[in-house]
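Heads up: the protein sequence lines correspond to chains U and F, in order.
Numbering follows the working numbering, in which position 185 of the first sequence is assigned residue number 230; successive positions increment by one, without gaps.
Numbering follows the working numbering, in which position 264 of the second sequence is assigned residue number 275; successive positions increment by one, without gaps.
By construction, these hints were calculated from the structure, which means they are not laboratory data.
Among these hints, one or two may not hold up.
Below are the SDA-like pairs computed for lysine to any residue, each with C-alpha atoms no more than 25 Å apart in a straight line [stated by the list, open to error]:
{"hint": "1", "chain 1": "U", "residue 1": "K138", "chain 2": "F", "residue 2": "A56"}
{"hint": "2", "chain 1": "F", "residue 1": "K216", "chain 2": "U", "residue 2": "P144"}
{"hint": "3", "chain 1": "U", "residue 1": "K222", "chain 2": "U", "residue 2": "R142"}
{"hint": "4", "chain 1": "F", "residue 1": "K216", "chain 2": "U", "residue 2": "L84"}
{"hint": "5", "chain 1": "U", "residue 1": "K140", "chain 2": "F", "residue 2": "Y223"}
{"hint": "6", "chain 1": "F", "residue 1": "K199", "chain 2": "U", "residue 2": "K254"}
{"hint": "7", "chain 1": "U", "residue 1": "K254", "chain 2": "U", "residue 2": "Y108"}
{"hint": "8", "chain 1": "F", "residue 1": "K233", "chain 2": "F", "residue 2": "P214"}
{"hint": "9", "chain 1": "U", "residue 1": "K138", "chain 2": "F", "residue 2": "K233"}
{"hint": "10", "chain 1": "U", "residue 1": "K138", "chain 2": "F", "residue 2": "R29"}
{"hint": "11", "chain 1": "U", "residue 1": "K140", "chain 2": "F", "residue 2": "Y205"}
{"hint": "12", "chain 1": "F", "residue 1": "K216", "chain 2": "U", "residue 2": "D162"}
{"hint": "13", "chain 1": "U", "residue 1": "K135", "chain 2": "F", "residue 2": "Y223"}
{"hint": "14", "chain 1": "U", "residue 1": "K138", "chain 2": "F", "residue 2": "Y205"}
{"hint": "15", "chain 1": "F", "residue 1": "K355", "chain 2": "F", "residue 2": "G369"}
{"hint": "16", "chain 1": "U", "residue 1": "K135", "chain 2": "F", "residue 2": "K233"}
{"hint": "17", "chain 1": "U", "residue 1": "K138", "chain 2": "F", "residue 2": "Y223"}
{"hint": "18", "chain 1": "U", "residue 1": "K311", "chain 2": "U", "residue 2": "G260"}
{"hint": "19", "chain 1": "U", "residue 1": "K139", "chain 2": "F", "residue 2": "G196"}
{"hint": "20", "chain 1": "U", "residue 1": "K138", "chain 2": "F", "residue 2": "Y336"}
{"hint": "21", "chain 1": "U", "residue 1": "K135", "chain 2": "F", "residue 2": "L248"}
{"hint": "22", "chain 1": "U", "residue 1": "K138", "chain 2": "F", "residue 2": "D195"}
{"hint": "23", "chain 1": "F", "residue 1": "K233", "chain 2": "U", "residue 2": "Y108"}
{"hint": "24", "chain 1": "U", "residue 1": "K140", "chain 2": "F", "residue 2": "L248"}
{"hint": "25", "chain 1": "F", "residue 1": "K216", "chain 2": "U", "residue 2": "R358"}
{"hint": "26", "chain 1": "U", "residue 1": "K135", "chain 2": "F", "residue 2": "D200"}
{"hint": "27", "chain 1": "U", "residue 1": "K135", "chain 2": "F", "residue 2": "M60"}
{"hint": "28", "chain 1": "U", "residue 1": "K140", "chain 2": "F", "residue 2": "M50"}
{"hint": "29", "chain 1": "U", "residue 1": "K87", "chain 2": "F", "residue 2": "S52"}
{"hint": "30", "chain 1": "U", "residue 1": "K138", "chain 2": "F", "residue 2": "L248"}
{"hint": "31", "chain 1": "U", "residue 1": "K254", "chain 2": "F", "residue 2": "Y223"}
{"hint": "32", "chain 1": "F", "residue 1": "K216", "chain 2": "U", "residue 2": "P107"}
For the chain U half of the interface with chain F, some residues (derived, Cβ under 8 Å), not all of them [as the list claims (entries may be wrong)]:
{"hint": "33", "residue": "R89"}
{"hint": "34", "residue": "V91"}
{"hint": "35", "residue": "S114"}
{"hint": "36", "residue": "L127"}
{"hint": "37", "residue": "K139"}
{"hint": "38", "residue": "E147"}
{"hint": "39", "residue": "I163"}
{"hint": "40", "residue": "S226"}
Idealized CB from N, CA, C, for every residue including glycine.
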Amino acid sequence: MSNYSLKEIMNKPERLAPGHRMCAGCGATIAVRAVLRALDEKDRAVIGNATGCLEVSSFTYPYTAWEDSYIHNAFENAGATLSGVETAYKALKKKGRLPEDETFKFITFGGDGGTYDIGFQSLSGAMERGHDMVYVCYDNGAYMNTGIQRSSATPMYADTTTTPVGSQSNGKMQNRKDLASIIADHDVPYVAQTTFTRDFKDLHEKARKAIYTEGACFLNIMTPCPRGWRYNTPDIMKICRLAVETCYWPLFEVDHGKWKLSYEPKKKLPIEEFLREQGRFKHLFKPGNEDLIAQFQAEVDRRWEDLLFKCSR
Amino acid sequence: MAIKDRMSGNEAVAYAIRQVNPDVMPAFPITPSTEIPQMVSTYIANGEMDTEFIPVESEHSSMSAAIGSEAAGARSLTATSSAGLALMWEELLLAASNRMPLVLTLVNRTLSGPININCDHSDGMGARDTGWIQIYAENNQEAYDNFIQAYPIAEHADVHLPVMVCQDGFITSHAVENIELMEDGVVKDFVGEYEPEEYLLNPGKPIAVGPYSVSNYAMEAKKNQEIALERSKEVILQVAEAFEKISGRKYGLFEEYRTEDADYIMLIMGSAAGTAKQAVDDLRLQGKKVGVVKLRVFRPFPAKELAKALSRCKAVAIMDRCESYNGNGGPLGSEVTSGLYRNKVMIETVNYIYGLAGRDFTVNEVYDVFAQLENMIENGQQAEQYQYIGLRKQEAPSE
């Protein structure tokens with residue numbers, strides 16, 4: 046793992062073929078390709094997918110972009126569906142109906158709508174039962190497929206189509222749910238939060254650990270959505286860097302119950318740096334709204350301190 | 012050699028599940044089907060079968076997981092009742108449209124509200140347009156026999172559709188009756204090994220399941236599914252014929268009981284057919300020409316066959332253990348009359364709603380129904396074409 050090289054890893058055959066219909070610059074497909082690069086080439090996989098942008102754009106009959114076996118069932122049940130697939134693997138192995146040297150890995154992708162919200166129960170059940178699978182949430186902080194409606198992953202004050210900014214509204218009223226922490230409290234062997242940083246080493250190593258740790262594992266990947274967040278599309282790496290450097294999106298892992306910070310900014314940047322780049326927070330920079338930014342900053346600080354405490358134990 | 016025993020309907024189905032030994036069973040408890048996953052879990056705990064049981068957190072997840080395991084290449088099943096089936100509704104459609112040959116053993120119970128745990132057919136009837144084959148049992152023996160026939164129907168190359176095997180909650184599921192069981196080996200040979208053509212875990216031959224489909228393709232997918240359902244009728248009969256050879260018990264799309272010369276027929280489904288047959292035996296002793304048609308296969312709906320079977324009688328009582336809130340009758344009432352009309356069988360019909368939420372259905376009520384049919388034909392006394400029987404009489408207000 047220490048000799049990770051992005052150049053080398055990019056030479057692996059792609060498991061998500063080009064030609065799908067996701068937007069240019071979409072964070073979700075970047076996350077998918079990065080996670081799948083963590084698979085050993087010899088290992089087979091079954092990919093699960095909750096309904097969402099990724100599903101409708103990557104498996105549009107009669108075309109599929111997936112090189113591995115793939116199943117989409119519905120919006121709210123990706124966890125349960127892969128539970129069934131993984132259990133079938135156990136059953137077929139036990140009954141000798143699969144060659145002994147064949148290894149399958151099970152990876153599910155869901156957006157924050159299918160994961161934090163409508164699919165939360167199904168995910169919780171799958172994690173608690175301990176199926177040998179990885180659930181990857183590509184968290185872009187709203188229901189993007191239906192046109193940017195708020196989710197429980199949407200940050201406070203974001204302008205979405207169901208929390209629109211108006212004369213009587215500053216956007217979403219509530220803080221976002223901390224899903225990685227909630228899944229960690231399921232006592233699963235491995236949970237990690239990551240996004241796109243530098244050479245993708247953080248994401249790669251976490252994906253590898255999640256895939257090759259036995260049991261139910263969870264990855265929460267922040268995947269910016271240029272349409273929903275309204276930033277300059279080519280700036281995605283900058284957006285991710287600012288999310289990490291402001292501690293809005295800390296990088297951490299919970300390995301068999303042990304919380305570990307993956308990266309600590311040398312100098313924590315003020316949250317404005319992250320917010321300013323995005324159209325969904327434009328209203329926060331109007332004169333008179335300084336207190337809203339202060340509140341946003343206070344919430345980021347509170348969560349960061351909480352995370353530092355968890356990691357210090 | 013047949014094994015004579017005494018069992019409840021739930022025990023009989025659990026026994027059949029043990030004999031078939033499917034690969035994966037996700038399930039969530041709900042009265043009155045709870046015993047089935049309990050008994051299966053006990054069989055597994057004692058090493059009498061090696062099905063992988065998934066104790067899911069809801070019925071939506073049990074059907075979702077069953078679709079996942081079936082798509083992966085494992086013979087799968089689940090069990091449920093009532094609200095459990097209602098919660099699965101979205102997934103029932105996906106099981107059928109993804110052409111998953113899995114099996115659901117349904118123990119029929121009413122739907123809320125008011126919440127009530129007893130039998131009627133509103134759960135199964137609510138799922139009547141989900142694309143599943145639905146087979147109803149009169150008693151524990153039929154519940155057992157129908158389950159054993161389910162996979163050979165579902166997995167047939169012409170079908171590839173899920174099968175719902177239904178029995179009446181408590182009346183059949185919990186009442187202990189005599190039963191004839193088959194030996195394990197006979198059942199295993201009859202059902203055979205599951206050999207899917209394409210599945211997720213087929214090494215080197217990946218597939219993708221559950222596409223998004225634009226309007227250019229989606230309508231053909233739906234029509235193909237409908238063709239499969241139509242074809243299943245023939246397969247159900249073939250499987251029944253093969254089953255008769257190993258069991259000696261004969262099954263069709265429906266059973267005709269003393270209908271050869273009947274002027275009046277009661278068309279009914281499930282356990283109440285037993286009550287109707289008893290009443291018919293009694294009335295025959297009085298010289299009444301009455302009979303029963305017991306519908307076994309509700310989906311695909313055997314409209315032509317039923318119309319033919321009813322064509323010689325003067326009037327038919329169509330018995331619905333379900334209200335469908337369309338203001339015009341129950342589901343069987345609608346489907347049977349439309350089948351009669353399309354096949355130009357213009358006989359009198361009366362649609363009775365009976366036995367909702369476990370309300371008793373008695374031999375006396377069957378007498379009353381036949382008397383009403385006879386009075387209508389013989390004396391021209393028109394009966395309401397859609398009516399309830401067995402309702403409480405309005406009581407005088409107490410002091």
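- Item | Numbers of unmet hints, in rising order | 3, 5, 6, 7, 8, 9, 12, 13, 15, 16, 17, 18, 20, 21, 24, 25, 29, 30, 31, 39 and 40
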